[in-house]
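Enquirer: Sequence:
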Amino acid sequence: MTENCGRLRYIELDNYKSYKGKKIIGPFSNFTAVIGPNGSGKSNLMDAISFVLGEHTKHLRVRRLNDLIHGAVVGKPASKTASVTAVYEMPTGEEIRFSRVINGNTSEYRINGSAVRVDEYSEALEKIHIFMKVKNFLVFQGAVENIAMKNARERCQMFEEISKSADLKEEYERAKSEMHMLEEEAAQNLNRKKGIVAERKEARIEIDEAEKYRRLREELHQKRLEHHMFKLYYNEAETKGYKEEINQREEQLRIDQQLCQAVDEEAKDKKREAAKAKKDQTSLEQDIKKCEQKLAKRKPEFIKVSQMLKHLADKHKESKSSLENARQARSAQVQEIGQLEAEYEKIKSLQNDYEEQQTKKSLEQGRDLELEDTQLAEYHNLKLKVAERTTHLSSTLDQLNRECNEQKDLSDALDRRKKEIENSLKRKETENSENRKRLQTLIGYIESNIRGISEQKAAEELLLKEVSSANRRIDEINKDLEDVVNQLGEAKVERHESSRVAKKQELIENLKRLFAGVHGRLLEMCQPSHRRYQVAITKVLGKYMDAIVCDTEKTAKECIQYMKDQRIEPETFLPLDYLDVQPIDEKLREINDPPNVHLVIDVITCDPPTVKKALQFACGNALVCETVDHARHVAYGAGDRKKTVSLEGTLFQRSGVISGGASDLKARARRWDEKQINSLMAKRDALQNELKEQLKIKRKEAELQIIQLQIKGLETRLKYSQKDKESMEEKLLATAEDDVQQLSQELKEVNERLQRCQTRMQELQISINVEQLKMDGVEDEVFRDFCASIGVENIRQYEDRELRVARERDNKRLEFTNQLQRVDNQLEYEKSRDTDASVKRWEKTVDTEREEIDKCRKQERKIHDEMEVEENKKQELEYQLTNSRQRAEELESELVEIKRRQSAKVKEVQRQQKELNHVESRMEVKRAERHSLLQMAKMEDLQLPLKNNQQMSQELEAILSSGDSENVEFTQEETQRIYDLEMKIPLDYKVLDKSLRHIQDEKEVAKKAEELQAMVDQMNHNLNRIQAPNLRAGDKLGSVEERLRSTEAEFEETRKKAKRAKAHFEKIRRARFAAFQVCFDSISDNIDPIYKSLARNTGAQASLLPTNQEEPYLEEIQFQCVAPGKRFQQMDSLSGGEKTIAALALLFAMHRFNPSPFFVLDEIDAALDNTNIGKVASFIREYAMTRAQIIVISLKEEFYSRADTLVGIFPTTENNCLVSNVLSLDLSQYVDTEEQ
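So in the UniProt record's numbering, spot 1230 of the sequence shown is number 1230, and the numbers just go up one at a time.
No lab work stands behind these hints: they were computed from the structure. All residues carry an ideal CB built from backbone N, CA and C; glycine is no exception. It is possible that part of the hints are untrue.
Under the rule of at most 16 Å between Cα atoms (straight-line distance), these lysine to aspartate or glutamate pairs were calculated in the EDC-like manner [unchecked claim]:
hint, residue 1, residue 2
1, Lys748, Asp415
2, Lys1175, Glu1197
3, Lys193, Glu1041
Now the in silico label distances, taken between C-beta atoms and shown as ranges [unchecked claim]:
hint, residue 1, residue 2, range
4, Lys899, Met1015, 54 to 64 Å
5, Ser932, Tyr989, 34 to 44 Å
6, Glu251, Tyr989, 23 to 33 Å
Sequences and hints are given; from them, build the entire structure.
Expert: Printed below as a string of structure tokens:
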């Protein structure tokens, strides 16, 4: 316990409950445990502490205050009064006595014997951090379980009591209610204000509407005038432009008519030149054919000689490679022999030098150490003694040495055999290497032949494919050419017979050029998916087949007017925006009986897709069937009648009408093919050119036969080469491989035996060394004095000096002998190899092959020169033929160009005449349009501005005014005179903005006119939507503004009150939040370390989380724990012991927030097992030493045995009344004994 805290020293009871008379309990230590059996009065002691510290009667388990007097519960009170005194010792040592005396049904509070008021008593307790309301100094029996069972809301209320934020709860609720009431009243005033503001705005709008209505009428008038002047301005400009264009076209037409007369003579001259060029071309082709025949005859001979030369060259190359390998082998042999002889001489020299050195050493060592005769005799006697004492050891050692020598001899023999086998393997590998080289040369030759065969076969396959393809293609081209020529002839006849087609096509071109919305004829934009449907589609489309498709009805009317002006025969138009198209009946696509029934629109493709609406209009839901019977069955069978057509053209109408006309339909159906004439002509030219190319490829058949002969020759040579290869592999390499394998196996066995022998020698040497050590021990004992006299460490030092030198000399000599024998064996092997014979054999082969190559090369050159002469002649002829063909093509092109120019000039004259007529008609359209604009301006009462304020003539005024009458008609001459007068009207276009008078593009002019018209329409629409203005809107506005001022004053007063109420509420809220949050933060910060200390495990976790961060006291506080070794769980999911530990952690955390100097706990260990009891007891003991004095009531020895002091309560009975007696025991004096 900290030094700056006081402590509870004694509790004095006088006739309080079960304590009769005056009882003094204490002194209390840092950790005091109250024990005793159930019913002995332990809880009465707890009540006594609560009582003296200000607890209310209802919490002391009695109904009346005087029931606390001893014996009162059985009707035999021991006294009229009772009292409890708590003696508190301050940190300075001063004692304060807090007493509470019962007198009847009242109690009196005293401090140090002086009576005080309750609030003074409470204030004195609070000075030592004991708060009566919070009860931060005690925990009743069962309180731990109650805390563990509290829900999150109850836990929040507990925090409010601890933090004293609950003291502000009532004021908080009152201020909040007042704030909400005033805010609602302010909102109502604001809504009323907004309503009045809306009324004011409406009144102002009504005032503005009258002004707006007048302004809009004026703007509409000005905009109409601007629109009319804009259209008249550009109408006049376009009319003048047409006039100038007419003058130019008339002059150009005169010039073009003069250019059509000089072309015919030029065409005749070109025809004569083309005929002569064709004749020369035929003569040259015959000469070239003769040259090709001669070349084809000589070419096989040349190829045969070339192949032979290539074969000889390859073979000669391989022979030269073999010769080079033989020479390298001979050179390597000579070098190897020289190296071995030099090595042999070197070893021999080293052996002689060594013998001389050993002789010299022997003479020197003989003078180093010589024994006297007496010493020598003593040496021999001692040797005999040693021999007698080591008879058994000598026998064993001799046996081991003999076996070791036998193994040594065997090892030497195996080593020699190993070297012999290695030499044999080396010889075999050399032989195999040479054989492999020869085999590799042969394999290279075979591979060369295989590559040659592969290349020739590839060339053969390519040529065969080209020739076969050419033959097939020639047949196909001839057949296709026949079909195309037939189709062209038929199509040209049809085309020639129909002169109206050109005129109709010209009409379409003119309409497309003049009117942007014209797409073309329906026939031109559609195509049957298959030729078999042409007759049926022609029948269904009927009159719409030649119909002209355009975008709008307006475009169609303009086209019709143009055709009337040009006196062109009528045409049918299909404007897309005007057509009423029936939707496709999807059920018709599901008809499968009879088979192959399709919607006509499904077997037609159209381009562009935008015209599909016109196609759908023309076809409707008509169906195409295979036969007439099928068409009749589908049309008039079960269900609704349908429109059907057979492939041969019989049409069944829904009305029951049946129509045919197969011959006429077929003729009309051919018109689908007219679109393909140009493509057929192009196809004919392409087929003719391709036929020439394929005929050239066909001439390669002779070359193909030559390649096939070459392949046969190569395959024959390959066959014999492969036989030689197989023979060499079987006879040479297979046998050599077997020998090498046998020698390798023998070498492996020798190595294994040599390894075993060496291992055995090592084992024997170890045994010899062991036995030798035993003998050395005996020798050292016998020769000890003798060795000392001659000055050596042991006798072996003397003997080894002599014997070691001899052994080393023998070993060295044996080493020299082995080396000389090895080198001599290698020399004998190398000299036995005859490499000169191989070199001579290959030299002879190379010379023979060189002679054959020279002979073959001369023959090849001769044939080549003969072929080159013919080839040069052929190339010269081909060059002449190419020039002749080019000249013929040029003449043909020139002739075609002359005809084209002649036709173009004729067409140009016709076109110029038609375009002149067209421009004149368009100018008339513009003049009529100007007349209409002037009449419309007069009708709309628009005063068109004139230059210099001139006035329109009375005649023209009368004419324009008469436009309202439908009965007025004018002749052509009168109309032209009126148009001329109108063109002379001096309109002043300065009223138009400059930007409107400088638009160059026609589309932009049209777009601007539409924009102006749209603006006029919109302004007119806006004006019509405006209702008549309210003339009394000004009076209404004054009344509304007066009401608004009154409402604004009320709103401002209410807003200020609401603001003050909110400020007052926020002040209380902050105070409540601060009080609660300080408590919560303290407990939240301390609970986790306390829980870890209680659980004695750093892995344990405990945390407190408010559900409402802004005002946590309004909702819940979540208490979450992670018990040691378990996952996260809510409090409800913990076991009983775990809940108790968690509740204790919360209790001690709350105690730390507002710590009292002592802490009384009643049976907090009730739900704990032995393990947890020990942990809790250890924690409380530590807590009592550092934080606060602890007084616990406990029934469990494992717990109270850890206390510093025990207070025992035991009961007795007097007059049928329980009397509690008290014993005290200081356990601190037994600590050492217990630890021992």
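Enquirer: A separate judgement is required for each hint: does it hold in the structure or not?
Expert: Status of each hint after checking the structure:
Restraint check: the Cα-Cα separation between Lys748 and Asp415 comes to about 12 Å, which is no more than 16 Å; the hinted pair holds. Between Lys1175 and Glu1197 the CA atoms are separated by roughly 14 Å; this keeps the pair inside 16 Å, and the hint holds. Taking the CA atoms of Lys193 and Glu1041, the gap is about 11 Å. The hint holds against a cut of 16 Å. The hinted range of 54 to 64 Å is satisfied by Lys899 and Met1015, whose Cβ atoms lie roughly 57 Å apart.
At roughly 19 Å, the beta-carbon separation of Ser932 and Tyr989 lies outside the given 34 to 44 Å, and the hint is violated. At roughly 31 Å, the beta-carbon separation of Glu251 and Tyr989 lies within the given 23 to 33 Å, and the hint holds.
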